[in-house]
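K.L.:
Chains as they are written, first to last, in my numbering: chain A, 18 to 267; chain B, 18 to 267.
Treat each hint with caution, since some may be false.
When chains are identical, the list treats them as one kind, so a pair holds in a single copy or across two.
To be verified - Calculated pairs, DSBU-like style, for lysine-lysine (alpha carbon to alpha carbon, straight line, at most 35 Å):
no., residue 1, residue 2
1, Lys-167, Lys-187
2, Lys-160, Lys-187
3, Lys-167, Lys-195
For the record, the hints were derived by calculation from the structure and aren't laboratory data.
Protein chains: 2
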Amino acid sequence: MNEGWIAIAGLGPGSEAMITPQVSDALARATDIVGYIPYVARIAPRDGLTLHATDNRVEIDRAIHALTMAADGRRVVIVSSGDPGVFAMAAALFEALEAGPQAWRALTIDVLPGITAMLAASARAGAPLGHDFCAINLSDNLKPWDMIEKRLRLAVEADFAIALYNPRSKARPEGFEKTLRLLQQICCDDRPILFARAVSTPHEALRIVPLTQATPDMADMRTLVIIGSSRTRLIERAAGPILYTPRSAA
Amino acid sequence: MNEGWIAIAGLGPGSEAMITPQVSDALARATDIVGYIPYVARIAPRDGLTLHATDNRVEIDRAIHALTMAADGRRVVIVSSGDPGVFAMAAALFEALEAGPQAWRALTIDVLPGITAMLAASARAGAPLGHDFCAINLSDNLKPWDMIEKRLRLAVEADFAIALYNPRSKARPEGFEKTLRLLQQICCDDRPILFARAVSTPHEALRIVPLTQATPDMADMRTLVIIGSSRTRLIERAAGPILYTPRSAA
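Input sequences plus hints: build the corresponding full structure.
P.N.:
Here it is in structure tokens:
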């Protein structure tokens, strides 16, 4: 009898204190951990546990590796930072599952949610996602720029607060610049924008500026960006401002 | 010296296994727990802890109560299910803070994120939020129906997967009926729709149907609804289907 399984687990934004007991339990029962190098580096080595750290952009290879090991009876945890279902490994695993052998569909596969970056960033800043909002991945590796631009325009028209994942990388410096220019053009106000870097880690840095003063260098790949809706407000305090979007629309 | 504080904490969707250690720690240090009756009922009583359970629709009174107690030196945890920053108590607390006395702005206030309903539902079903998505609160207590309808139309045009919070209550039976009719009219395909009720509790029930077969009675106030984007897919399995949205847009 094959007792292998896969858990696709979210490690949250960085702090141990934000990893759910469900995820800790899966990590404790695993024989193999699979994931992107910096995420696997967060797992403490122990006897009986093999760490398989791989580079970025090999998500489908990683998924096939995990499925193959589980089919061989291994207990595999695929780790993502944040939540595995939000711009992370869960979708890649299911792409590989759908394209793979029928036998894989008999495997036990569980997705274990985590605190995704926008929730961690929002909590640190206040409650900018307190009203309707959307989440857009700014990486155009897997979608055309035109689609990103269309979504940004419609999101502003809908007056969503907007969380931007993967705003900027060395390989894609221009996308976020175009994004800021577009938002500065189409938003009729100087709403606040939050740059939340490496939340809950020793490298955490938060910055809130009016949209007109936002510049591309304020973000990198470890930054989660939230653009307020037209209703998003700042409460000034000695301890630093609170950013929030009221519940009421009018 | 006033050592009072407020933590606005997310209890996640229901299971103890999805409460972060950070939240458990705040609950252990609290003198007072404030929240909506069913959420406060999830907290184990203990010596030195006072539970203040209040009814729905009194969010601002509850926030003022919490702020007043913290100003008196109490250690107050405001509990929400899911994440406190997503259609929950964090925004209400900051509304009360902004309108209240300046002295309140010196209080220590922390938002402690939790697993919000759409992440828990998505994880149980697969990964329907694996690509760009939005979250809309269908309650029209605090916004006009026209705004909800506009957002639904723009969200479909943007081809977001759409998470709907608070789809239906006894007091508002008609909103979700209108929502389904609108979506059936404007989506040019029979994309899947997920009804995820009471995820991670003993009352959990998941149902996935094609949009044309969705009916209003499939949702109640404990249901989180996710409408797929045009790219959302089903993988059929003996153990039940997996719902997911691929990472690629084309």
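K.L.:
Could you run down the list of hints and mark each one as holding or not?
P.N.:
Verification of the supplied hints:
Taking the shortest Cα distances, Lys-167 and Lys-187 sit within 35 Å of each other inside one copy (24 Å), while across copies they are farther apart (37 Å). Proximity of Lys-160 to Lys-187 under the C-alpha cut-off of 35 Å is restricted to the intra-copy arrangement: shortest distance 18 Å within a copy versus 41 Å between copies. In this assembly of identical chains, the alpha carbons of Lys-167 and Lys-195 lie at most 35 Å apart whether taken from the same copy (13 Å) or from different copies (26 Å).
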